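First residue of the sequence shown: 154, per my numbering; consecutive thereafter.
Accuracy of the hints is not assured; some may be wrong.
As the list claims (entries may be wrong) - With a cut-off of at most 25 Å between alpha-carbon atoms, the simulated PhoX-like pairs for lysine-lysine come out as follows:
(1) 229 x 288
(2) 288 x 236
(3) 260 x 285
(4) 377 x 367
(5) 285 x 236
Stated by the list, open to error - Just the calculated beta-carbon pair ranges, DEER-fashion:
(6) 334 x 256: 45 to 55 Å
(7) 167 x 318: 49 to 59 Å
(8) 180 x 334: 54 to 64 Å
(9) 398 x 302: 46 to 56 Å
(10) 327 x 288: 15 to 25 Å
(11) 302 x 201: 17 to 27 Å
(12) 225 x 322: 29 to 39 Å
(13) 190 x 217: 35 to 45 Å
(14) 239 x 332: 35 to 45 Å
(15) 239 x 307: 11 to 21 Å
(16) 368 x 334: 41 to 51 Å
(17) 287 x 401: 40 to 50 Å
Calculated directly from the structure, the hints in this document are not laboratory data.
Owing to the predicted nature of the structure, the values given are computational and were not obtained by experimental measurement.
Using N, Cα and C, we set each Cβ at its ideal position, and we do this for glycine too.
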Amino acid sequence: MNPASSITKFRYCITSALHNLYRNLALSCITTSTITVMFTICISMLLVLLNLSAFMETWADQLQVIVYFEMNAEPKAMERIEKELAARPEVERVTYVSPEEALSLLKRSLEGQDGILYGLQDNPLPASLEIKLRKQYLTTGAVESFVEGMTRSSPVADIEYGQHWLARFVAFFELARLICLVLGVFLIIFTYCIIANTIRLMVYSRRDEIEIMKLIGAGSLMIKFPFWLEGALQGACGAVLSLLIIIGVEKLAMDNLAALLNFYLGSGSYVFLDWPMAVAATAAGALLGLAGSFFSVNRLDAQYS
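Work out the full structure: start from the sequences and follow the hints.
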């Protein structure tokens, strides 16, 4: 194959695609705008899921099982429980917290409001053990299994690990992930149909030109490739515009958004748009546009062959 001829054909395909997009500017703008809206929603949902996942990882890293002892528990009995727990394979660290340390921590957490403790005659807080589990055991099932296997008789008064809050949040996260997945699939299918129908309309508008190209010996690839390129360009442009919208909103709301996520998720655990994600989104838009135009043109190929 002559390289010069190939370059000329490729240049023609690019020129033809751009010219056709310009000739159908209104339709191209509507299609690109629709793709932009769809991708903005999809990328926003992805960021929400990533931040929820980051929150769960942050919370899991900070998860502790707390064993509260009876107020009159014997030191030897508490020491025995501590040694038993430290010997378990799931446990990374066991920290003993005396009643005095617990009261001091409570006062620090109530800084500015510690006046409510002034009337206390005696320390009402019991001794406790703070248990840090190894990372591979920081799952809902593993934590529940670990707690179920712990001693619940004297001198242990209670065991707490935020089980009710954890169960509610895991259920919420699974529901949010399911909703985002279903909505994302629907939006992708909708975007695909928009691109396919747009390319189909463009093919119909150029049917006379296609017939002439067939008569003068133009190959099938020479006719199809500009339409494939149009779909890919529309998909990529829509994805890029959606990225610009998200980046713009992120920049405008960065300070407040970062402070809010830092409060709820912890420092450094929130996820914003980065370069790999932007490149992947642009490539996904181009591939989606290419797929829509590819199948649309192939279905109409027989009509003009």
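Results for each hint:
no.: 1; hint: 229 x 288; verdict: 30 Å, violated
no.: 2; hint: 288 x 236; verdict: 20 Å, holds
no.: 3; hint: 260 x 285; verdict: 23 Å, holds
no.: 4; hint: 377 x 367; verdict: 12 Å, holds
no.: 5; hint: 285 x 236; verdict: 14 Å, holds
no.: 6; hint: 334 x 256: 45 to 55 Å; verdict: 48 Å, holds
no.: 7; hint: 167 x 318: 49 to 59 Å; verdict: 57 Å, holds
no.: 8; hint: 180 x 334: 54 to 64 Å; verdict: 31 Å, violated
no.: 9; hint: 398 x 302: 46 to 56 Å; verdict: 51 Å, holds
no.: 10; hint: 327 x 288: 15 to 25 Å; verdict: 21 Å, holds
no.: 11; hint: 302 x 201: 17 to 27 Å; verdict: 36 Å, violated
no.: 12; hint: 225 x 322: 29 to 39 Å; verdict: 36 Å, holds
no.: 13; hint: 190 x 217: 35 to 45 Å; verdict: 44 Å, holds
no.: 14; hint: 239 x 332: 35 to 45 Å; verdict: 42 Å, holds
no.: 15; hint: 239 x 307: 11 to 21 Å; verdict: 20 Å, holds
no.: 16; hint: 368 x 334: 41 to 51 Å; verdict: 49 Å, holds
no.: 17; hint: 287 x 401: 40 to 50 Å; verdict: 43 Å, holds
Checked against the numbered hints given earlier, this structure breaks hints 1, 8 and 11; the rest are met.
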